[in-house]
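Enquirer: Sequence:
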Amino acid sequence: MILTIVMLGFLLLGAFAWYMEGISSRAPRWIALFAVIFAAGLFASFVLGSGTSFAELKPLVRVPWIPLFNIEYALAIDHLSIILLSLTFMLALICVLVSWQEIKEKAGFYYFNLLATFAGIIGVFTAVDLFLFFFFWEVMLLPMTAIIAIWGHENRHFAAIKFFIFTQVSSLLMLVAIILMAAAHYQQTGQLSFYYSDWLALDLPLEYARWLMLGFFIAFAVKLPSVPVHSWLPDAHTQAPTAGSVLLAGVLLKTGAYGLIRFVIFLFPEASQGFAPLAALLGVVSILYGAKMAFAQQDFKRLVAYSSISHMGFVMLALFSFNTTAYQGAVLTLVAHGLSSGALFSLAGIIYSRIHSRNLADMGGFWSSAPRMGGFTLAFAAAAFGLPGLANFIGEFMSLVGAYQVFPVAAVFAALGLIGSAVYGIVLFQSTFHGPPGDKVEDLSGRELVISGSLLGLLLLFGLFPNMILEYSSAAGEQLALLSQGVSNLTGVTYAH
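When we follow our numbering, the leftmost residue of the sequence shown carries the number 128, and every step to the right adds one.
Just so you know, not all the hints are guaranteed correct.
Below, in silico cross-link-like pairs of lysine-lysine (DSSO-like), each with a Cα-Cα straight-line distance of 27 angstroms or less [what the hints assert, rightly or not]: (1) LYS185 with LYS233; (2) LYS567 with LYS231; (3) LYS231 with LYS289; (4) LYS289 with LYS185.
The calculated label-pair distances, taken between Cβ atoms and stated as ranges, are [what the hints assert, rightly or not]: (5) GLN228 with LEU139: 38 to 44 angstroms; (6) GLN228 with VAL528: 39 to 45 angstroms; (7) LYS231 with ILE292: 45 to 51 angstroms; (8) LEU576 with LEU319: 36 to 42 angstroms.
These aren't lab readings, by the way, just hints derived from the structure by calculation.
Idealized CB from N, CA, C, for every residue including glycine.
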């Protein structure tokens, strides 16, 4: 029940922060900070003190919710959930800290929406009743739309509507697929069920499974995002407040990858392997397109947004390689990208608070007056283009090594994206901190040093000791390999393991 308490705590403390808005202008941010630290502490104590293995899904709670349709309130976690939940709590803390001085109007309502988004994300990463999963998927969407629409920048309403339409339309496709899967379960067993483990036991005709798989795939590809359903992301990132951008890049994109793993690849292994070449192609196109478009941007946040499309292309390619090494690389890339992109968006907000512009043409020469900010920007840009010693390098290297065993040509073209990321990373740093000294900017404050230092510390920690994450993803990687081996025996298609 710990996670249920955490989600209810976020909602109740968010409502309390909203109430306190009219009493004290500072109270909402302190309430939000307490909520995140308390929730993270509860989760950590539960995982570390449980004494059980989470190599496979461990049910936490399963009680009837809507008995008429046999819909349950069912939560479960495994190593993948724990990794992504830990990333969520870390970036939730960063979101509150970067909002500390930025959000001044309707602060209570802002923190209510922020904490409600966190609650929805936790539900997405733990729900194992698919109707409940869809419910949390929608809970996550609504407050995030409000954050962009109310506290965003000049074109915030357009970006919020675009984000909402893309996500909502794809979500409806997923809802149709969920209902059809429940109907298929009823046909085979005579009983309605939306429970994940029950669906794993279904024997679906391949042609039917392909259509159902596509319903889930499109919803998660939009959230990842993948070309050609990516166009909402640059606008949403650019117009969102700093915490909104950190949350979008660091966590919400990861819900798309989580859905691909949990509800596409493992629910529809045979259909997914048949679709794998096309998914790998979409991954490579996303890598190269995102890198090229990032290089062409003059807006700091828009550049980082397009780089996210490129990095998530590596995840798509790795996951559909059905390879243990590639899978572990994908999971590590999710964590590394969440930290590095969150850091770059935080720095974008820090610079914007000083010069009130995101345009690279208005920057330059900042190193002379803000060397600490310049050092952190260089480190985070280096992380984004895969400097050895930082977590991104291990994740993308393993993704490419694993993918090469299955899609060698695709992996070679994907590797070109690493060159592209180095180019736009250096352009970003050079445009901001090099050149003749311009207007002086204030260097990082103590709060901003905590934000930047903690993110860089984690990137170094996971870059130098990647087994801290890899050992938790090995069980699922081996399961994925066994799954693909079983399908290969049926279809005659061979995948490297």
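Enquirer: Out of the numbered hints, which ones does the structure contradict?
Expert: Hint check: 1, 4, 5, 7 and 8 fail, others pass.
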